[in-house]
Structures are given as C-alpha cells and as structure tokens.
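Protein chains: 2
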Amino acid sequence: MKAEIISIGDEIVTGHISNTNSVWLTKRLLSIGVETSYITAVGDTVANIEAVIQQALRRVNLVIMTGGLGPTDDDLTKRAIVKVFRRNLVFHDEVLEDLKARYSARGITMPEINQNQALLPQGATFLANKLGSAVGILFEEDTKLCVALPGVPAEMKQIVDDELIPLLQERVGSAVTYSRLIRTCGITESALAEKVAPEIPIPEGVKLAYLAHIYGVDLRLTVNAEKNRLAEELIEQPQGWLKRKLGNLVYGEDEQTLQGAVGDLLVEAGATVSLAESCTAGLLAGRIAETPGSSRYLDRGFITYSNESKTELLGVTKKTIENHGAVSTETAEAMALGALERAKTTYAISITGIAGPDGGSEEKPVGLTYIAVAQQGADSSAPSSRSRKFHFGQNRTLNRQRATSAALNLLRLVLLGDDPFTKQ
Amino acid sequence: MKAEIISIGDEIVTGHISNTNSVWLTKRLLSIGVETSYITAVGDTVANIEAVIQQALRRVNLVIMTGGLGPTDDDLTKRAIVKVFRRNLVFHDEVLEDLKARYSARGITMPEINQNQALLPQGATFLANKLGSAVGILFEEDTKLCVALPGVPAEMKQIVDDELIPLLQERVGSAVTYSRLIRTCGITESALAEKVAPEIPIPEGVKLAYLAHIYGVDLRLTVNAEKNRLAEELIEQPQGWLKRKLGNLVYGEDEQTLQGAVGDLLVEAGATVSLAESCTAGLLAGRIAETPGSSRYLDRGFITYSNESKTELLGVTKKTIENHGAVSTETAEAMALGALERAKTTYAISITGIAGPDGGSEEKPVGLTYIAVAQQGADSSAPSSRSRKFHFGQNRTLNRQRATSAALNLLRLVLLGDDPFTKQ
Chain A
1 MKAEIISIGD EIVTGHISNT NSVWLTKRLL SIGVETSYIT AVGDTVANIE
51 AVIQQALRRV NLVIMTGGLG PTDDDLTKRA IVKVFRRNLV FHDEVLEDLK
101 ARYSARGITM PEINQNQALL PQGATFLANK LGSAVGILFE EDTKLCVALP
151 GVPAEMKQIV DDELIPLLQE RVGSAVTYSR LIRTCGITES ALAEKVAPEI
201 PIPEGVKLAY LAHIYGVDLR LTVNAEKNRL AEELIEQPQG WLKRKLGNLV
251 YGEDEQTLQG AVGDLLVEAG ATVSLAESCT AGLLAGRIAE TPGSSRYLDR
301 GFITYSNESK TELLGVTKKT IENHGAVSTE TAEAMALGAL ERAKTTYAIS
351 ITGIAGPDGG SEEKPVGLTY IAVAQQGADS SAPSSRSRKF HFGQNRTLNR
401 QRATSAALNL LRLVLLGDDP FTKQ
Chain B
1 MKAEIISIGD EIVTGHISNT NSVWLTKRLL SIGVETSYIT AVGDTVANIE
51 AVIQQALRRV NLVIMTGGLG PTDDDLTKRA IVKVFRRNLV FHDEVLEDLK
101 ARYSARGITM PEINQNQALL PQGATFLANK LGSAVGILFE EDTKLCVALP
151 GVPAEMKQIV DDELIPLLQE RVGSAVTYSR LIRTCGITES ALAEKVAPEI
201 PIPEGVKLAY LAHIYGVDLR LTVNAEKNRL AEELIEQPQG WLKRKLGNLV
251 YGEDEQTLQG AVGDLLVEAG ATVSLAESCT AGLLAGRIAE TPGSSRYLDR
301 GFITYSNESK TELLGVTKKT IENHGAVSTE TAEAMALGAL ERAKTTYAIS
351 ITGIAGPDGG SEEKPVGLTY IAVAQQGADS SAPSSRSRKF HFGQNRTLNR
401 QRATSAALNL LRLVLLGDDP FTKQ
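Here the protein sequences come in this chain order: A and B.
The opening position of the first sequence corresponds to residue 1 in this note's numbering, with each subsequent residue numbered one higher.
The opening position of the second sequence corresponds to residue 1 in this note's numbering, with each subsequent residue numbered one higher.
Next comes chain A alone, as it looks inside the complex (with noise of 0.2 Å):
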C-alpha cells in the first residue's frame, strides 16, 4: 500500500506554519509497513484541491487529507471532496448530538457555526474525533482508500493512532518497510560518510542514508522484507559494523534522544545534573526536562542573563568578569563551579556565549561560546571544572540550539569516561 498525504491550507503554501503534521503521520504509517510515496501540500482554493487528489487517485491506493475541515467558511476540503467523488452532502445526527453532549458536560452551549460538522459525503463513515469538532472522513472509491483528517495536531493524531491505524493494519499484508536510525552528534556529515562510506558492508536490498539535522547526523538504514524478522536481521550487520567502527560518536538509536540519551547515563551512574545557562536562558534545563522522568536527574537551573545574576547566584567575581569577560572559559568554568556548589549536585553544566545578532568583536565573534562541565571531586578531592570553547554561526536562535547539543555531547562524553576537552 503507497500513500500520498495532501496538506490543504493557505497556511501551508504561504510558509505561516510547518507542516508537522506530514512528518508524523509518514512515521506512523511506516510503522506498520505503509510506505509515502508524495507528500503534497496546496492552499485554500477548491480547484487546487480537486486537481491534487485527483492526482493522487492516479498514483496510490491510499489518499490521507489533512485540513480545511474546520467550521468556517475558508475550510474547504468537503467542497473539493463532493466535486471530485460526486457525492452529496448527508446530514449526520448521532455526529452532533455527540458534539452538543461535548459541549454541555464542558458547561458551554455548542456555537451554531459546529453543525456543518456533522455533514459528511455520501457513503463515508466518520472517525471519532474525541479531541474537537471536526470529525474524519473515510470512504472508499474503486480500489482506492481516501481519508479527509482535521488539521489541529492532537486531533489528527487520536483519530490516526485509534481509528485509522487499526483500520489499516486489517488490510496491509505481512510486508514491511522497517528502518533503524544510528543517531550521532560531534561530527560532520561529510567526515561521517568519509569514515563509512567505503567500508560499510550493506546486504542486498539494504539502504543507507545520512541524515544531518541541527543537532547532529542521523544514519538510517533500511530495508523492505516480508516480515519483520528477516528485515531485522538484514539490518543487523550494518548496525553492528556503524556501532563498533563509531563508538562514543553514536548516542542512541531510533526515537533515543540526546537529552534523554544523557539522562539515562545519569540514572546509570546514580548522578544529579544543575545549570548555569547564560544566552541559553534555559534552553539546555528546558531540554533536559523534556524526558519524561528527568526530576530523577535535574535538580535545578541558573538562569544568569545579567553579569550581576552571575555573580549573586553563582559567586562568579567581579574581577573574573572583568578581567576576562562573561563569554571566556574563566567565567564559564566559576559559572559552573558555582552552580555545583550551591545545588550540591554531581555534575554542573554552564553555558556563556555571544548568540548574536549584536555583541560580538572583532576579538569575540558572534557565534563564540564556551561550554564547561564542572563535577564532585573523587574521594574528598576538590571539585573540578573545565570548559571547552566553540565558535558556531551567525544566526541567534541556531546558536543557541547548537550550544544545547554541544553541552549535552560535553556531558555525555564525560559520563562515558571520554576527555572531550582536550580534543577541540
């Protein structure tokens, strides 16, 4: 079974909003072997919408529309619908008396402008929408599936996740498309493909791609087998070769994290991580709590904008600001040492950089960071703290980003045993 989603909305063609929704509705279809072949995007106008499914007719067998079936006037999916398949609207009550229930156990009187929800076309079944207003349409033409979603996130993704996929499982066989991704962070793409690319041993029917994101490489392989089995075991060797030939430079597989990857090495070795964050203001403590479970690991978080914050929360001196500046590997490793010291944590990370677009020298560029990792000393011995110093790009919120992976890599090579300050 091959899949086109179609994205409808003027938000999309007009760069307003991402179109996450493509990206996790592909990824939820490959996980029970339903291979994207387009994903399509086009803009509120019935024509455009009409001509790009019935495109997608001529080219799959399974058509996933999302968007434009909201209640106001510019959602225009259903019209396109109707003129393409020829198919009246039907009026359907058990859809709106379950949206007015909706509205009266919430205490709110449903607004008029609901009832076009509860007209669906001709010979479609309706997927329970537990989340909104906007229910999803399902309705067969020829050999042909086709799928009319609500566009809002959460809704799309219940009725795919608890009526969709079952529906589809029922009818895709036993061949899958399985994928494993070898997630890395410290090293280029190109390095990457330069340490692999002429050893590797691929089996037949195994593909390998490099995927660089901004906070590291990907490297995915994947292979089309008959069953689940044989497709793992094709995989298998490749990802045993790219494992031991990369060793500290991969941190995870498939949907592991960097953050979460680091927070089950501090789970591991029983240790507590603080913050000090200067131009990240929260962004690397903001990460880290994104795992689920993190409060077993992160105790608490700086957040010294302000050369005086450094100094009152984290008792950086004076004079070390001063005489070094607040983006230099003195102030970084104090931010640090200091962070330790008062949150009585394992291990401590601080962050100072110039992110830019304004501050920086000819001297100290825009771009320029320092990352240092301060930790307990062993057996009663003073703690200690030691920085690293990167120069990433021009662009303030990339900056920023990078300097996350950057301090999370430092403290995940740490915990490794790895020195990687040395290494600059």
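It should be emphasised that the hints constitute simulated quantities derived from the structure, not laboratory data.
The reader is advised that the hints may include incorrect statements.
If several chains are the same, the list does not tell them apart, and a pair holds so long as it fits within one copy or across any two.
With a Cα cut of at most 30 Å, we get these calculated BS3-like pairs of lysine-lysine [what the hints assert, rightly or not]:
no., residue 1, residue 2
1, Lys-319, Lys-344
2, Lys-130, Lys-389
3, Lys-243, Lys-318
4, Lys-364, Lys-157
5, Lys-319, Lys-364
6, Lys-319, Lys-389
7, Lys-27, Lys-344
8, Lys-318, Lys-389
9, Lys-2, Lys-83
10, Lys-130, Lys-195
11, Lys-157, Lys-27
12, Lys-83, Lys-389
13, Lys-157, Lys-344
14, Lys-318, Lys-195
15, Lys-389, Lys-100
16, Lys-157, Lys-389
17, Lys-157, Lys-195
18, Lys-157, Lys-2
19, Lys-100, Lys-364
20, Lys-364, Lys-389
21, Lys-319, Lys-144
22, Lys-157, Lys-319
Following the hints, complete the assembly by docking chain B onto the known chain A.
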C-alpha cells in the same frame, strides 16, 4: 508567476525531518509577490523525482527543488534533472577551484567526494553557495524557470537571498500578494470566528483566514493587487476593525511574537522580569531570551525542579509545599514572590504544573498548571503575587509550551492594566 516547491529526500517522506525549507521559501517568495501553488515532497527514488518535476512543469512556471544535491550516493536530484531535461552533466572548473580554496582557507584538505559538486547540467548557471559545497543550479526550459538548491537550510537560504531573489525580482512585474497577520492569544478559533465573522467589513478581493497554532490564533488578511500601496489600502479597513473589535486579545501583527510583544511593553515601562520555573524548567526564560536585546529586561531565572530547590532558591516554605502541594496556587504565588524579592525585578513570573505523562491524580490531573505574576508594590507598599489555574491537556510537550504562552499572556495583560486573574 506561480511556483511549486519540490522537496527531495527520504528523510521527508519518512517523517525523519520537518520540511522547514518549504516554509521559509514560500514566505520569502511571497515577500516579492511570487505565490506558491503547490509544495510537493518526494523520496530518494529517481523515477518518482522525475515524475514530480514533470508534473510541476505542467502546472507552474517556477520550479524550485531543494535537497538531493549532496556529494553522497543517496543524493539523486541531478540524476533526475539529467533524465527529465535530457541534459548531460558538465564539469565546472571554477566551482571546484572555489571549493578547494575555501577548504584550504580553513586549513583542511577537501574530501575527494566533493569533486561531484562541480558537475552541473548542460546550459545551467550556478548560484554561489557561501556556506557549503553544493552550489545552486538554475536553468530554463521553454518558458519555465527551474532551480535546484541544497537541502541544508542555512545554505539554501543564503543562495535564495543573495542569488535567486534578485534574479526573480527582475522578472516579476508590479503585481503583488499582500498579506497581514493579526495575532491573538487567549481565545479559541471558534470563539474568535463567532466574534468576527458576522460583522467584519471585508472589501471585495480581500480574503480572511483563521490560523490556529499552539501559541494562539492568527487572523490573516490577504489581497492581490497591482501595487503595494493599493493592497495596503484595501487591507486597512478590516485590519483596523479587527484591532478595535478584539482589543487586548491582539498582541501584535505579522512577525511580532508574543515574547517580543511582552518585551516591548517591558521596555516601554522601564520594567524588568525574573522567572521561577518548575515544570517548564527554563522554557519560558529561554523563549523570552529568543528576542534579540532581551537583556534589557530579562535579568535572571530560577529553575526549581525539585521541592528542595523551591525552598532553597525561592524561600517557598516546606509547610506551603506540604499543605498545598508543589502544584498549587499557594506554591505558585510564593515562587513568584521569592523570585521577585531575590532578583529585585519589577515583575516575576512563576509556573508550576503537572506536565505528564505521569504524576497526575484525580484531584490534580496531568495538565493542571498554576501560573503566578508577582510585582513590586507602588509607593513602598508590599509586593503582591496573584495566580491563575489552567487545565491544559495530556501531552507533556504541548503542556509545557502552552504554559509558556499562558504565562507571557498573563504578564502582557498585567502590563496593559488588565486584570487577567479573575477572568477564570
């Protein structure tokens, strides 16, 4: 001129990355009056890439491909171009020399694999890439303009801004698409539609759309007109009407962000802010610091993830936490007061909630969040702290993001002289 953007790469149709390039590109094109009719994503299969290019040539006159120009074997865009347009690849010495020079300036020998980057389709001109190894490719076929760009966002953007846009501007006439966003926070899409739809005066040719996203609902007014001036005039009437009708629900226009709007109000008032974050663990501070120049009003923040840290860093008494819980009005208000007193800022915001997936109970379910705003008293009266209770949803990531928006909106309304605490 109508454009189609074709995003190439398995990483997109398998959901491994979000197609942020097309979001940025459609916006950038629209800024010079070029509308994007379709965005298509296709995987790394030469036949499918060929098919989508051919289909684009039938329905638009500007085709922009992104991705698949890298030096590795899974980069297939050039191969598809060669097939569709029946052009051979020609070696461009100047491209290679430039690339070698840039590598040697950084003291690195160029990886051999990058030689591929100097091969371009016959008759194509190249668009210089200042940041990476894959140059942009531009050629014409009949009356259609075709462009292929690297998939790395920063590289793609640099080439578009520096090379492609000036070239397109010469070709585009004076007809422009003009659009304006009116951005709201604190009201749902359907409540907004019920306020707006029955009454708004919309001139012929102006389109109104509702764009709900995680941080609020935007209203977009769009018009096609011959000249910028005329377009602006057509939009002025409904724009003014919306701002009057919606009052403080509107926090800004176009690129204005909620954190930017709050920052502007703080600067205007000569005020500063500090943060005390539990479940969001730095996300709110990090979001405030996204705005360049935020050091004028962001002083410091306390990430108090553990109960001990709430007591040690903010002075929340153990009794308060024991009697009312860490997620309560009392703790939230004490956290904000504690931050205010310690940071000596004009305002302090605190967030404490149950982000999920675990930690919820019948009395305090996942999603329950308390947000407080504390402020210094006028005329040497004591500081005060007030809070509001929110019920977000089941999703950890969304709950934490929504909490940051709700917190910013509370402070915004306080700065505007509203009382957002009693409107439960």
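If the cutoff is 30 Å on CA atoms, where do Lys-364 and Lys-389 land: within, between, both or neither? Let me know, please.
-> Within one copy only: 11 Å inside, 45 Å across.
With identical chains treated as interchangeable, where does the CA-CA distance between Lys-130 and Lys-389 reach 30 Å or less: within a copy, between copies, both, or neither?
-> between (50 Å within a copy, 23 Å between copies)
How would you label the pair Lys-319, Lys-344 (within, between, both, or neither) given a Cα cut-off of 30 Å?
-> Both: 25 Å inside a copy, 23 Å across copies.
Measure nothing new, just compare the shortest in-copy and cross-copy C-alpha distances for Lys-318 and Lys-389 to 30 Å and report within, between, both or neither.
-> Answer is within; shortest intra-copy Cα gap is 21 Å, inter-copy 41 Å.
Indicate which option fits the pair Lys-157, Lys-344 if close means a Cα-Cα distance not exceeding 30 Å: within, between, both or neither.
-> Answer is neither; intra-copy 42 Å and inter-copy 44 Å both fail.
Quick one: Lys-130 to Lys-195, C-alpha cut-off 30 Å, is that within a copy, between copies, both, or neither?
-> between (49 Å within a copy, 25 Å between copies)
Quick one: Lys-157 to Lys-195, C-alpha cut-off 30 Å, is that within a copy, between copies, both, or neither?
-> Answer is between; shortest inter-copy Cα gap is 29 Å, intra-copy 39 Å.
Evaluate Lys-157 and Lys-319 at a C-alpha cut-off of 30 Å and name the case that applies: within, between, both or neither.
-> For Lys-157 and Lys-319, the Cα distance exceeds 30 Å both inside one copy (54 Å) and across copies (42 Å).
Are the CA atoms of Lys-319 and Lys-389 at most 30 Å apart within a copy, between copies, both, or neither?
-> Within one copy, since 21 Å is at most 30 Å while 44 Å is not.
Measure nothing new, just compare the shortest in-copy and cross-copy C-alpha distances for Lys-100 and Lys-364 to 30 Å and report within, between, both or neither.
-> Between copies only: 27 Å across chains, 62 Å inside a chain, cut-off 30 Å.
Using 30 Å as the alpha carbon limit, work out where Lys-83 and Lys-389 are close: within a copy, between copies, both or neither.
-> Neither. Shortest intra-copy (61 Å) and inter-copy (47 Å) distances fail the 30 Å Cα cut-off.
Between the shortest in-copy and the shortest cross-copy C-alpha distance, which are at most 30 Å for Lys-318 and Lys-195: within, between, both, or neither?
-> neither (46 Å within a copy, 55 Å between copies)
Going through the hint list in order, the structure does not satisfy hints 3, 7, 12, 13, 14, 21 and 22.
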